[in-house]
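Novice: Here is what each chain is made of, one letter per residue.
Number of protein chains: 2
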Amino acid sequence: MEQTKNDEKKITSRAVDYSQWYLDVIEAAQLAENSPVKGCMIIKPCGYALWEKTQKILDEKFKATGVENAYFPMLIPERLLKREESHIEGFAPEVAVVTHAGGKKLEEPLILRPTSETIMYEVFSKWIRSHRDLPLLINQWANVIRWEMRTRLFLRTTEFLWQEGHTVHSTEEEAQNRVLMMLNIYKDFAENYMAIPVIPGRKSESEKFAGAKDTYTIEAMMQDGKALQFSTSHNLGQNFAKAFDVNFLDESGTKQYGWQTSWGLSTRVIGGLIMTHSDDKGLVLPPKIAPTQVVIVPIVPKEWDKQLVMEESQTVFSNLRLVGISSKLDDRNIRPGEKYYEWEKKGIPLRIEIGPKDLASNTVVIVRRDTGEKKTVSLPDLNEAVVSTLELIQNNLFEQANNRLVENTISVDSWEDFIKAIESGKFVRAHYSGSADVEEEIKKETGATVRCIPFDQVEESGVCIKSGKPSNGRVIFAKSY
Amino acid sequence: MEQTKNDEKKITSRAVDYSQWYLDVIEAAQLAENSPVKGCMIIKPCGYALWEKTQKILDEKFKATGVENAYFPMLIPERLLKREESHIEGFAPEVAVVTHAGGKKLEEPLILRPTSETIMYEVFSKWIRSHRDLPLLINQWANVIRWEMRTRLFLRTTEFLWQEGHTVHSTEEEAQNRVLMMLNIYKDFAENYMAIPVIPGRKSESEKFAGAKDTYTIEAMMQDGKALQFSTSHNLGQNFAKAFDVNFLDESGTKQYGWQTSWGLSTRVIGGLIMTHSDDKGLVLPPKIAPTQVVIVPIVPKEWDKQLVMEESQTVFSNLRLVGISSKLDDRNIRPGEKYYEWEKKGIPLRIEIGPKDLASNTVVIVRRDTGEKKTVSLPDLNEAVVSTLELIQNNLFEQANNRLVENTISVDSWEDFIKAIESGKFVRAHYSGSADVEEEIKKETGATVRCIPFDQVEESGVCIKSGKPSNGRVIFAKSY
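The listed protein sequences derive, respectively, from chains U and A. Counting in my numbering, the first sequence runs without a single skipped number right up to 484 at its last residue. Counting in my numbering, the second sequence runs without a single skipped number right up to 484 at its last residue.
In short, the hints are calculated from the structure, not lab data. Since the structure is predicted, the reported quantities are computational estimates derived from the model, not experimental observations. Careful: at least some of the hints might be erroneous.
The list treats identical chains as interchangeable, and a pair is accepted whether it falls inside one copy or across any two copies.
[Claimed, not checked] Here are the simulated SDA-like pairs of lysine to any residue, each with C-alpha atoms no more than 25 Å apart in a straight line:
1. Lys129 to Glu30
2. Lys41 to Leu183
3. Lys482 to Arg407
4. Lys482 to Pro112
5. Lys85 to His103
6. Lys41 to Pro112
7. Lys66 to Glu30
8. Lys13 to Glu314
9. Lys291 to Trp144
10. Lys129 to Cys49
11. Lys309 to Lys342
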């Protein structure tokens, strides 16, 4: 659908207007569009297929650790949201409220879930009696609503899709292990599937989740040098357990509060995927996340070649399926050039061109989306060549992004250098006093925030880049989406 | 989790209180429970696993017909909902309204989607330009909200999960084919996976979807003789196309309105599944929809037998996986009887008991959930025996339900017999004038409605059971959920 409209529009180059480039790539690849409701997006089939693949990969990994899926209501009574003090403070400005239903005014307003800690933990408190009921490991795939002023397709929308995991443990140690286990699953997904290198770490006080004891994050660098918070995993301590009375009898029969975690990943990662790999021709997808990994384009300059070429294309399609490669055979009656252009925009990692001349020499041509490199491959070797080339593409995209991250992360020790580095789109490793006031000042002056206190932080004496107070190590500052 | 609580409660028998039995089965099998928000349910892991399996089966079938998944916003501007007249008439009493968000009163109230025709078709009208953009075949898996007064777990809840398919075609014939194609997919799913026999047919005027030209349905019979509308498929004609300007240029360049369909299946089918097969011991699941098909229970009367029994149990588990059977090895340190009781309540189709005596003779015992039948099977034949017994269970459950449907569907020609038949929980084939007034009268007096005008209706002259007016054929009346 819609080819007619999209074929006409050119993608703005990154150098000219990065923001417009992002929107153009999304439009050209038919991933999503704005809806009649302000701030809410429509995820189109090509975009939704990326979310489905994300769900499939993560869901398996979650379940392998014992997590079970469930579904909780999207409507939350206002009184529940208010139960944990810092939680409601954090979310109050963003909630949407149902006041009328079934033709009547409701006695108590209902909130559309911005996240589900409150309704889930109210229920968990009834489910859990004894240490034998623990750990409780629940995940839900759902839509959530957060009323955002400035929205941007995938990155920040009023409604978005996500998964939210919620667990209860009998010890603090087990909860903390779970927090890091899930962060590692996210890191594995980001790096080994989406080919997005990330920096794992802990959030500063002012950036942590409303109600959490500690928030852990993985941070990615986009092509403009801005950070994208890929996903987070929270150690909730006993904050919510105390507010919602999530308690259990331990082995000695003593009442204890549970230790809780929550962790989530949303459709915003698709925004991160787009901004990490795409180029001025359009979307670029790593093979391991691409719903379609290969497109086969038959080339039929003369009608009498048609049968042979189509038969061979069909054979190639079937052979690829046998080795688990998802491909598309584009047999539409339009010029090959038009097809190349379309599949380039849509980010299909590899193209196979099959024409009568190639077949005469028992070969086909394969073309990489990431580098544009063309290669002639003999037909009997094709499956193997496709598998290994897809691996090369996956690795190349990761390396490219990783080089960018490494080259654009610098250590800085003076305020002047800090400002310059932030302005030129760097991730900056700098000393920091740890105080929220100072972070706020830095944000006001430069737009940068503490992205994380990285796990690889080295103990090192220094002075805070802004306040001059003593510091034990560097944190990572950047502007962010 | 929760074993402690649920083990204590006994399931009410169907003969004593059918409604309570239904709720008890759900509680005992830990499928769902009521939430702190009136009318909304929490789908617990065992219940959600059934929905996941439903999604997986249907999603593949949809995609095989060219349907693509997408996601549209859950918030719908009030003005859009009002565009198609009979649609808003049907849904107005059930909508929930967001009036405030982000701390402010909204300029235009937003409706929580009760279904997505309006927002989708507003967008489709922009997507579609030419006949080359057709057919457009979109499906979405989502939550919807309909404000219901009397709710019942799975069967009728304020929020429920479903899929809604929406298609646009260039001809009326193609649209009608799609309507019946999807109804057939639902029928296949009901009968061949959920083992629920259904009667396909067309809805009467008063029971059809608000805004549809025709609604098609498949109707199932529950154990109390009431009907459950399993799912519906609507031919929307050009009603919405005209209201939302969904038009296209045909091959001659003339503007035409699209021909549309929509079709949906919701979490209520899980209610139908429970009520079709379960018994006084709890849930009974057909193997093809059961997330876990087999439970393996090692029996270790003496500690010294433990290693052998556990090793053999593990081998059985691995062997079953090789032939695609999903099983659970219950190695908890509790009495086997407790395990049997628990898995019976949870509806696992087949149990394998492995003890030292059996192993001495190289056999195990298998026990069917549907009939309770026990059988000794030699170990080398186990895989084959499990596969064939699961098939027997699947077929037996379907036959049992089908016999019930056939035996309790009767033709009736007098009003007295009609009343008696409806009171005794039958599906009644009776002549009917086709007028909505008469249907309303019948409903008032007996509680029965026209479930469908069945596809197998025979042309036959008769007089309407209520009004005495002439009729050309019998329709199916029943009380319904």
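Novice: Of the numbered hints stated earlier in the document, which are not met by this structure?
Specialist: 2, 4 and 8
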